[in-house]
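If you read the protein sequences in the order shown, they are chains A and G.
Count the first sequence with my numbering and you get residues 1 to 309, in order.
Count the second sequence with my numbering and you get residues 1 to 723, in order.
Just so you know, the hints here were simulated from the structure itself, not pulled from any lab data.
Quantities reported herein were computed from a predicted structural model and do not represent experimental measurements.
Each residue gets a CB set at the ideal place from its N, CA and C atoms; glycine is no exception.
Careful: at least some of the hints might be erroneous.
[Stated by the list, open to error] For the chain A half of the interface with chain G, some residues (derived, Cβ under 7 Å), not all of them:
#1 Y199
#2 G207
#3 G210
#4 V214
#5 H217
[As the list claims (entries may be wrong)] Sample of chain A residues lacking proximity to chain G, with all beta carbon distances greater than 12 Å (derived):
#6 A56
#7 F59
#8 L60
#9 G61
#10 H71
#11 A80
#12 V125
#13 V160
#14 R185
#15 G189
#16 Q270
#17 Y273
#18 F302
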Amino acid sequence: MTAEAATPTTPQPAAGEPADDDGMDATPGLARRTLAVFARNRLALLGACLLAALLAFCFLGPLVHPTDQVHTDLDQASLAPGEAGHLLGTTDLGYDMLGRLMHGGQTSLEVGLAAGLLATLFGTVYGAVAGYFGGWVDAVLMRVTDAALAIPALFLLVVVAAMVTPSKPVLILVIASVAWLSPARLIRGEALALRSRDYVHAMRLMGGGGGRAVFRHIVPNAVGTMIVNATFQIADAILYVAYLSFLGLSIPPPAADWGSMLSSGITYTQVGYWWLIFPPGLAIVLVVAAFNFIGDGLRDAFDVRLQKN
Amino acid sequence: MPTTQPPGPVPSGESPLSGEPLPAHEPLLSVEDLHLSIAGRDRAGAERTVHALDGVSLRLAPGEALGLVGESGSGKTMTALSVLGLLPPGARVTSGRVLLEGTDLAAAPDQVLRRIRGEAVGVVFQDPLSSLNPTMTIGAQVAEPLLLHRGVSRAEARERAVETLRLVGLGQPGERMRNYPHQLSGGMRQRVAIAMALVCEPKLLIADEPTTALDVTTQHQILELIGELRERLGMALILVSHDLGVIARRVDRVAVMYAGKVAEQAPVARLFTSPRHRYTQALFDALPERAAGTSRPLATIPGLPPSLTRRPAGCRFAPRCAYATDVCRTEEPAPRPADDEGVHTYACFHPADPAARPAAPGEARPAEDAPASPGTDADVLLDLDDVRREYPLHSSPFTRRRDRRLVSAVAGVSLTVRRGETFGIVGESGCGKSTLGRLAVGMEKPTGGSVRFEGDDLATLDRAHLRAHRRRVQLMFQDSYAAMDPRMRVGAILREPLVVQGVGDRAAQEERVRGLLDEVGLERGAVHRYPHEFSGGQRQRLGLARALALAPSLVVADEPVSALDVSVQAQILNLMRDLQREKGLSYLFISHDLAVVRYLADRVGVMYLGSLVETGPAAEVFARPLHPYTRGLLETADSAVVDSAGETAVDGAPEAGPAEGAGPLAGETPSAADPPSGCRFRTRCPLATELCATTPPEPTAPAGEGHLVRCHFPLVPVAGSAG
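The shape of chain A in the complex, shown without the other chains:
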């Protein structure tokens, strides 16, 4: 089946029933074809590479470029890039900017990933329950999400973050608690639609029950939506972390993340310390873009109609 790259260009034989003619070759598996479609999308591939690079930078970078991100060193404060061996200069407190970018990235990525996944998971279960059961259950559950959506997310985040001292787990929970609403609604709609598909009806007519409907038909067909949504959720969560940190409601120093780095850098714009702002800003843009590209690619990849043997 490695020939799959070559076959699509050759037209089917004109005669007979083409789909049957070429005999017993199995169509390659879904996972393989999903990957093939994904790989065709250059932007998605770029996103995946970008993400891999960012992960390597944040988590493997400190091994190559070890720095002290705990103790301030005011002698070295606010050095311009290149000075005294600091590739990206230093912060106002004398931390090495490059090392801090890696260090802060760890927090941003960890919190973003965890919060995004948590939100998707909870939202999926919530939405699926509402969608499958319908009726009163659905009505009540969905009015709850409507009510929650009516409260501005940032307001909620600020209130919660102001009451509790932020730490990584707290941040994750707080962000997930506002982010689950959109996957919940999305999956509920999906479940509602899938529930009335003819293939679910067909299965019920064979005598199959609800469990088979849910696990053999509904969940596998909603999994694409779930995964795609998860990537966007992660991107959003990373932005939430940045918002909160920018407002000074993040994990207290010496811990850092990209948002808090931006926040502290912003006070020095007048003096022209650009290296305090652009690197974390760029990093946020890149990681969010990467996740969005991947999400777009996955959306195509999970569309079976785009897959071909």
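Using the hints provided, position chain G relative to the given structure of chain A.
Here is chain G on its own, set in the frame of chain A:
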């Protein structure tokens, strides 16, 4: 036509509709050797070019009506669209010309095309809902072309729009002007779409499958309207359709397209009585009308139309043609005249003999050797007794009680299906036939009455018995693709019923799946593929295979062939018939297509607005309908069986002469949310009296046992009614 009209020197292009003889010198439209290709990507993303049209030449005289027929993908719509310059993205005219009164539209700049569209050429598309803007009143939409092209004042445009709406037969056009498309029924919307096309008085009207989305009776009305307007306005018409019946009576000439080429062109009567191209001939033979009432299988065309991504050498039809020889496979046949005046041309090396009439399978074998009449009353498999099903109009837990109006989808239907027989249900959309099918398989519970299967009332079965019952009845879906999980391979899909019911171990199940594939004529390798890799006909085969997996005694088939092309439809119908013989299956066959039901069914039931107005043996009901609705339906249906000169009536039209009070149905079906009192058909019935408005008729059998009708004034044959 009482006397024989030999295909010869007599100019058979005479058009009864256009008064003047067709001026051959100055065509209105002339398509010359048009080649059109569409660049795109296939599903794998590889670039490919589809050669949608390959050397199409057509001429259209002013006022002439040309029919373009062909199966899906034959290029008929592309030909029509190229006249408007409305080609899909990526499509390009590679060579050839489209001359409209001397202007080459293929090379014309956009401005010219814009002026031509709507002004010189009007167009009506298939789906009136999507060709109307839901946010604009229909008045504004009908007046729009005038404002664009004629630069008239708003008041004038309005006046003209009202006039045009009246012309297309929309009642109270002045008030209708303020309506939005969703407030109109499908037939009315199509009338509005026609009004839009006509408001600038075009010289040419292009109707692309204008009635495919409509019901039989509405289709008839719309086609009549188009024919009438053409005559009155002296327009030329291009009628594009896959339906030979639609084409048969509405045009002067027909061009049959196959795989991007014109296979045959002829005056309509000539084409229908003596087709020369082998494809045309095969297409006619595949029509279920031709084999109705006989036990003969339909003639089928094996295989599928070729992919147009490459241009095969030789005749496009050769791979599917029974008469193909080496020359067909290597050389491309050029259009050749079938007669002296050149009105009939075909591109075939081995044309059908014009002397031999097209095979009329109906006569080849007497109908007597139909299988011995299936089971007696003792063998009743499915028994519906006064079954009712109502749906709430608005259903939400928060709906106010007084808003809970009910739609009565099925209103007291009683019928029985015996072992080994096919019971056909015909009716227009919205008559409740699909709901009836779902009730019969137990997918829905009736709100009244009972559904019994082999004596067991489904409502009384407990969970375990209901589960076991599922083995006995299976449903074959209209759209098998939608009924198969796109993420499962065919092997898993066909195995699912066995897994659910716990039949056999894995090896046995796989063996059974292979057997099923053999039975429906698919390769065993299909198990490794996904549903989207199959064609429409193959998917219906898979659907049938899955329905048969549990060896049910009854298969409920809901419009199983309505989405298929004629040639593929014949394959599926034959397959269903063969499998029935082999296995002694019963079918409850639901369709809107009279010809298909008549071909397959032993007994039929005619549904109208939730109630079964007539039931009886198929031959009996079709030949001597008792209910005015059945009769109207039969007279309205556009049959492709043209009773040509010198030919005895093909077992077509009802035998009794045109009885008073019957005729093509006018009006539209009322809403099931608010059905008429008494007899539900009375609002459209020419025979209705006050009795009909007050008392719902009970079933009677005025024409002998087994032929029931619900009507106060059944159309009893003369002998019966004299007493």
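Check the structure against each numbered hint from earlier and tell me which ones fail, lowest number first. The structure breaks hints 3, 4, 18; every other hint is satisfied.
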